[in-house]
Amino acid sequence: MKKWTKIFLLLLFAGIVIAGISDYKTILDLVKLICSSCIGLS
Amino acid sequence: MKLSTKRKVTQFLALVISNLGFFRILKTGFVCPFLYCHGCPFAAFGCPIGVIQNFIVYGRFPFFAVGSLGVYGMFFGRVFCGWACPFGALHDLLAMGGRRKIRARPYWYVKYVSLFLVIALTWYFLDTVFCKFCPSGSLFAAIPFRILYPGFGAGLFFYIHILTLILTIALALVISRFWCRYICPLGAIAGTFNKLSLLTIQLDKQKCKKCVVCLEECPMGISEPESIGSSTDCILCGKCVEKCPEKALKFTFKAK
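Here the protein sequences come in this chain order: A and Y.
Under this note's numbering, the first residue of the first sequence is numbered 4, with each subsequent residue one higher.
Under this note's numbering, the first residue of the second sequence is numbered 1407, with each subsequent residue one higher.
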């Protein structure tokens, strides 16, 4: 695969990260709260 | 330092870093590039599969998790499975006994069926279905949680967790890296990037004598030397690089 295609894809994914930067707080809440499925409670 | 020793060190460090959430201030909203359950009381990062499922339940596209997996993948392919994943490290530990293993075929597509089922079942039931069965969650979340808080007791879902963990361990004893080969949905995502990633393992065809020592050493059962580094099954563990008598394989980091 050409170098520029890889660079394009890398920038695209970096853009998706930036577009989803507001998800950070939601994920932090998931990490802080104990997931009941993961620990076998429900 | 030998490559295999370096790998053990990074696997241990990854386990330590994943548990930095022991200090509550070090809990973050980043997703880790390997399967480590954020149900673990000490988890510092979100499990990518857990995060993706939760966002499906919320009715939101998981931009941050998908973008992060894309960036990890574009740089490193599936290297985290071989060098960092604590559940993968458990599989390596189980393989250390030197017992006779079944030479199972890779069936690369099975893990994509698993990934599809994870997404489809989450979407259909609007629940984190995979997390209820995930053996990594059993080992790193369900069991430690019961040790820390014994008052919670053990119900049906806990026993399901324990059953999947026992099954996975039993199968890993006879098929090397069983979970990583056939089931891991995160391995399916990361493996897709092996053809695109900047980090890869390159074969020097001039030096290769087709002795297939590399394939005999491969814990993922890769069947052709040409597929090393680019196959969706390759976890870039470097066992082939270390064992190749002709030094025909090497890690490279390049854009071409």
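These are computed hints drawn from the structure, not numbers from a lab.
Don't take each hint at face value.
What the hints assert, rightly or not - Stretch-level coverage of chain Y by chain A, calculated; a stretch enters the list once three of its residues show a Cβ under 8 Å from a Cβ in chain A:
#	region
1	1424 to 1434
2	1537 to 1546
3	1553 to 1567
4	1625 to 1636
Unchecked claim - For lysine-lysine, the following PhoX-like pairs were computed, each having C-alpha atoms within a straight-line distance of at most 25 Å:
#	chain 1	residue 1	chain 2	residue 2
5	Y	Lys1408	Y	Lys1649
6	Y	Lys1660	A	Lys6
7	Y	Lys1660	A	Lys9
8	Y	Lys1538	A	Lys28
9	Y	Lys1433	A	Lys28
10	A	Lys6	Y	Lys1414
11	A	Lys9	Y	Lys1616
12	Y	Lys1616	Y	Lys1653
13	Y	Lys1649	Y	Lys1615
14	A	Lys5	Y	Lys1611
15	Y	Lys1660	Y	Lys1408
16	A	Lys5	Y	Lys1656
17	Y	Lys1408	Y	Lys1616
18	A	Lys35	Y	Lys1538
19	Y	Lys1611	Y	Lys1649
20	Y	Lys1414	Y	Lys1656
21	Y	Lys1433	A	Lys35
22	Y	Lys1601	Y	Lys1616
23	Y	Lys1414	Y	Lys1653
24	Y	Lys1615	A	Lys9
25	A	Lys5	Y	Lys1615
26	A	Lys5	Y	Lys1433
27	Y	Lys1660	Y	Lys1613
28	Y	Lys1414	Y	Lys1613
29	Y	Lys1408	Y	Lys1615
30	Y	Lys1611	Y	Lys1538
31	A	Lys6	Y	Lys1433
32	Y	Lys1615	A	Lys6
Said to hold, decoys possible - Interface residues of chain A toward chain Y, partial, derived using beta-carbon atoms under 7 Å:
#	residue
33	Ile30
34	Leu31
35	Leu36
36	Cys38
Ideal placement from N, C-alpha and C gives every residue a C-beta, glycine not left out.
Hint check results:
1. Only when three residues or more bring their CB closer than 8 Å to a CB of chain A does the claim for the region 1424 to 1434 of chain Y stand; here the count is 4, and the claim holds.
2. Figure legend: the region 1537 to 1546 of chain Y, annotated as covered by chain A; annotation consistent (5 residues with Cβ-Cβ distances under 8 Å, at least 3 required).
3. With 8 residues bearing a CB less than 8 Å from a CB of chain A, the region 1553 to 1567 of chain Y meets the requirement of three and the coverage assertion stands.
4. Only when three residues or more bring their CB closer than 8 Å to a CB of chain A does the claim for the region 1625 to 1636 of chain Y stand; here the count is 0, and the claim is violated.
5. With a C-alpha separation of about 11 Å, the suggested pair Lys1408 of chain Y and Lys1649 of chain Y falls inside the 25 Å cut-off, and the hint holds.
6. In summary, the hint linking Lys1660 of chain Y to Lys6 of chain A is supported, as the alpha carbons are separated by about 9 Å, within the 25 Å threshold.
7. Restraint check for Lys1660 of chain Y and Lys9 of chain A: satisfied, since their Cα atoms lie roughly 10 Å apart, inside the 25 Å limit.
8. Restraint check for Lys1538 of chain Y and Lys28 of chain A: the C-alpha separation of about 24 Å stays at or below 25 Å, so the hint holds.
9. For the proposed pair Lys1433 of chain Y and Lys28 of chain A, the alpha carbon gap of about 11 Å is at most 25 Å, so the pair holds.
10. Straight-line distance between C-alpha atoms of Lys6 of chain A and Lys1414 of chain Y comes to about 32 Å, which puts the hinted pair past the 25 Å bound.
11. Note on Lys9 of chain A and Lys1616 of chain Y: the hinted pairing is violated, with a Cα-Cα distance of about 31 Å set against a maximum of 25 Å.
12. Annotation: proposed proximity of Lys1616 of chain Y to Lys1653 of chain Y holds, straight-line Cα distance about 12 Å (limit 25 Å).
13. A C-alpha spacing of about 13 Å is found between Lys1649 of chain Y and Lys1615 of chain Y, which places the hinted pair at or below 25 Å, so the restraint holds.
14. In summary, the hint linking Lys5 of chain A to Lys1611 of chain Y is supported, as the alpha carbons are separated by about 21 Å, within the 25 Å threshold.
15. Our distance criterion of 25 Å between C-alpha atoms is met by Lys1660 of chain Y and Lys1408 of chain Y, whose separation comes to about 23 Å.
16. For the hint linking Lys5 of chain A to Lys1656 of chain Y, the alpha-carbon distance of about 21 Å falls within 25 Å, and the restraint holds.
17. Between Lys1408 of chain Y and Lys1616 of chain Y the CA atoms are separated by roughly 24 Å; this keeps the pair inside 25 Å, and the hint holds.
18. Annotation: proposed proximity of Lys35 of chain A to Lys1538 of chain Y holds, straight-line Cα distance about 19 Å (limit 25 Å).
19. Distance restraint check for Lys1611 of chain Y and Lys1649 of chain Y: the Cα-Cα separation of roughly 16 Å lies within the 25 Å cut-off, and the hinted pair is therefore satisfied.
20. Of the supplied pair hints, the one linking Lys1414 of chain Y and Lys1656 of chain Y holds, its CA atoms being roughly 19 Å apart against a limit of 25 Å.
21. Under the criterion of a C-alpha separation no larger than 25 Å, the hint pairing Lys1433 of chain Y with Lys35 of chain A is consistent with the structure, at around 7 Å.
22. Restraint check: the Cα-Cα separation between Lys1601 of chain Y and Lys1616 of chain Y comes to about 22 Å, which is no more than 25 Å; the hinted pair holds.
23. The straight-line distance between the Cα atoms of Lys1414 of chain Y and Lys1653 of chain Y is roughly 22 Å, inside the 25 Å bound, and the hint therefore holds.
24. Between Lys1615 of chain Y and Lys9 of chain A, the direct Cα distance comes to roughly 31 Å. Violation of the 25 Å bound is thereby established for this hinted pair.
25. With a C-alpha separation of about 29 Å, the suggested pair Lys5 of chain A and Lys1615 of chain Y falls outside the 25 Å cut-off, and the hint is violated.
26. Taking the CA atoms of Lys5 of chain A and Lys1433 of chain Y, the gap is about 38 Å. The hint is violated against a cut of 25 Å.
27. Note on Lys1660 of chain Y and Lys1613 of chain Y: the hinted pairing holds, with a Cα-Cα distance of about 20 Å set against a maximum of 25 Å.
28. For the proposed pair Lys1414 of chain Y and Lys1613 of chain Y, the alpha carbon gap of about 28 Å is over 25 Å, so the pair is violated.
29. Restraint check: the Cα-Cα separation between Lys1408 of chain Y and Lys1615 of chain Y comes to about 23 Å, which is no more than 25 Å; the hinted pair holds.
30. For the hint linking Lys1611 of chain Y to Lys1538 of chain Y, the alpha-carbon distance of about 46 Å lies beyond 25 Å, and the restraint is violated.
31. Between Lys6 of chain A and Lys1433 of chain Y the CA atoms are separated by roughly 36 Å; this puts the pair beyond 25 Å, and the hint is violated.
32. Of the pairs offered as hints, the one joining Lys1615 of chain Y and Lys6 of chain A is violated, with about 30 Å between alpha carbons and a cut-off of 25 Å exceeded.
33. The beta carbon of Ile30 of chain A is positioned within 7 Å of a beta carbon in chain Y (closest approach about 4 Å), and the interface hint is therefore held.
34. Taken as an interface hint, Leu31 of chain A checks out: its beta carbon lies about 3 Å from the nearest beta carbon of chain Y, inside 7 Å.
35. Taking 7 Å as the C-beta contact cut-off toward chain Y, the hint placing Leu36 of chain A at the interface is violated, the least distance being around 9 Å.
36. The criterion of a C-beta within 7 Å of any C-beta in chain Y is met by Cys38 of chain A, whose closest approach is roughly 4 Å, and the hint holds.
Figure legend: structure checked against the earlier numbered hints; hints not met, in rising order: 4, 10, 11, 24, 25, 26, 28, 30, 31, 32 and 35.
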